[in-house]
Amino acid sequence: MAADGGGKETNEIKTQFSTREGVYKLLPNSEYSRPNRVPFNSQGSNPVKVSFVNVNDQSGNGERICFNVGRELYFYIYKGVRKAADLSKPIDKRIYKGTLPTCHDSNPLSATADSVSLLVGFSAGQVQLIDPIKKETSKLFNEDRLIDKSPVSCLKWVPGSENLFLVAHASGCMYLYNVEHTCGTTPPHYQLLKQGENYAVHTSKSKTARNPLLRWTVGEGAVNEFAFSPDGKFLACACQDGFLRVFCFDAAELHGTMKSYFGGLLCVCWSPDGRYVVTGGEDDLVTVWSFADCRVIARGRGHKSWVSVVAFDHCITSVQDGQAPPEFSGSDEDFQEQLQSNGSRERADSAQSRLSKRNSTDGRPVSVTYRFGSVGQDTQLCLWDLTEEILFPLSRTRTLTNAMNVAGPCGDAAAPGTNGNSSVSSSGPSNSLSPPLPRSNSLPHSSPTGGSSPNNHKATSIIDSALIATGVSKFATLALHEVRKERHSDKDHKRNHSMSYVGNKSSDKLSQLIGTRAAKADVAKSLGTALCPRMEEIPLLEALVCKKIAHERLTVLIFLDDCLVTACQEGFVCTWARPGKVGLLTSQNSTNSPSGTVV
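The numbering of the sequence shown is the numbering used here, which starts it at 757 and goes up by one.
Source of the hints: derived by calculation from the structure; they are not laboratory data. A couple of the hints might just be wrong.
Stated by the list, open to error - Here are the computed lysine-lysine pairs in the BS3-like style, where the Cα-Cα straight-line distance is at most 25 Å: (1) K839 <-> K853; (2) K963 <-> K950; (3) K845 <-> K891; (4) K1337 <-> K1303; (5) K781 <-> K835; (6) K895 <-> K905; (7) K891 <-> K835; (8) K770 <-> K1060; (9) K912 <-> K849; (10) K781 <-> K770; (11) K849 <-> K781.
Since the model is a prediction, treat every value here as computed from it, not as a measurement.
Kindly generate the complete structure, drawing on both the sequences and the hints.
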């Protein structure tokens, strides 16, 4: 439900908003929904999800959009900012009985104008492979729910593969499937393949090839969302136990972790160059985590309720010749004074007079900007800029140890695979940006405790051993970086007020009390460490834009080349034209479209 507003202004729905690059405008006639355009009654339903695929249609209209609303699944030609949406002509429409679609993903490698391989996950645990263009159902996985009975929370095709896909369930397990294999008629039996702190990977004992190929057990509670790095080598998991866990996917080894301020993590995404991971969740914050340093580098506060989706804007994210990453040039006393100002937080708009410019490692000045967005249950869209002031707050020779005032050391070793001013590309996923970004070692971060650098040895690929019969080529591997973290067993948090939570927990008040006390003790242990820095220990981002754009909670945020796409739980998928892009010159007379004021 939308957050309660204190007055008329709070409840007004915005139809455009301004940023430094211009004005983004809502295009009402580019709205996708059920053909009758009637708002969906979202009580007790799964979130509306949207996925895109480009079929490389030479007519120039190759984008296809898929979205689920309640029991219904739609597949349309997406016309974006060019033409009005024609909801009377879906390519495919399906209505399911007995189960609800929860998520979906199309394979970009095999997609053509005549065929699309679309995976659909369901609330009862099944996974369906369909072709919405041919209107065919190819296969049904976990049909008898012998593999997992819990709802599918997230599924994606493995990057670079036409056959492999990964499925996450509310049970906390993830399963690797091959579309060429069957699932069997009996429950699968597993044998341990690899185990680490709070995760384990099992492979099937079957002598014949069958699904699932691998079973991952991650954390305690649901895996709410996962995301592959841009190069497909790493996997970031946002878990209900509040931990972000980043794995080397092929070797199934843990690269690093992070803990939410409190509550579960609900969403995760990678920066286009793979250097940063952003999460959002039940602490109402967005958190930026450095892949190379394995530490939190910033948090953003702007939402008034749980953050449901985070996403990077690949069009705004850039590295350009110009201003160099700044470094602090004052004394220790000046630096302490700067930290204590503004509520002891280092903000993105800190005074330029306290910063001095320097050249990048290759002798050329660069200006670094990452743009990402978030939407939440408060019905608000927030946009954030991650700039060099946050990424490079100090010179590499300084640390914040004397300013942190934290009990116990947090570690100050350089990130694995880096040395002084060298680029982090040796330890991070492959870059899509050029030139390489410099980085700062100024903030404390966890150091490997006995683990070796990727430069010293390579990890054995366990996925290759499990998939040797399928002829899948090897992914690149990195060694396990052991990260110091505290055990955490809290599956719920005090702000969880759903009816299912109350009903499930009220029957055993004693166990709830014991669990709450244990959870508070675990939170107290991790707070103030590299896993979960205190709010005053890291920079606090302020949202560039924070606008209410829907009546019901927002569930989708996707950045495209000429627009951004949002969706709410009422089933309306909205298109926002970027500044300078030609919008639709049509009337806004739809009675069912969200109406509101202009910012």
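A quick look at each hint next to the structure:
no.: 1; hint: K839 <-> K853; verdict: violated, 33 Å
no.: 2; hint: K963 <-> K950; verdict: holds, 19 Å
no.: 3; hint: K845 <-> K891; verdict: holds, 14 Å
no.: 4; hint: K1337 <-> K1303; verdict: holds, 21 Å
no.: 5; hint: K781 <-> K835; verdict: holds, 16 Å
no.: 6; hint: K895 <-> K905; verdict: holds, 18 Å
no.: 7; hint: K891 <-> K835; verdict: holds, 21 Å
no.: 8; hint: K770 <-> K1060; verdict: holds, 17 Å
no.: 9; hint: K912 <-> K849; verdict: holds, 21 Å
no.: 10; hint: K781 <-> K770; verdict: holds, 9 Å
no.: 11; hint: K849 <-> K781; verdict: violated, 29 Å
Checked against the numbered hints given earlier, this structure breaks hints 1 and 11; the rest are met.
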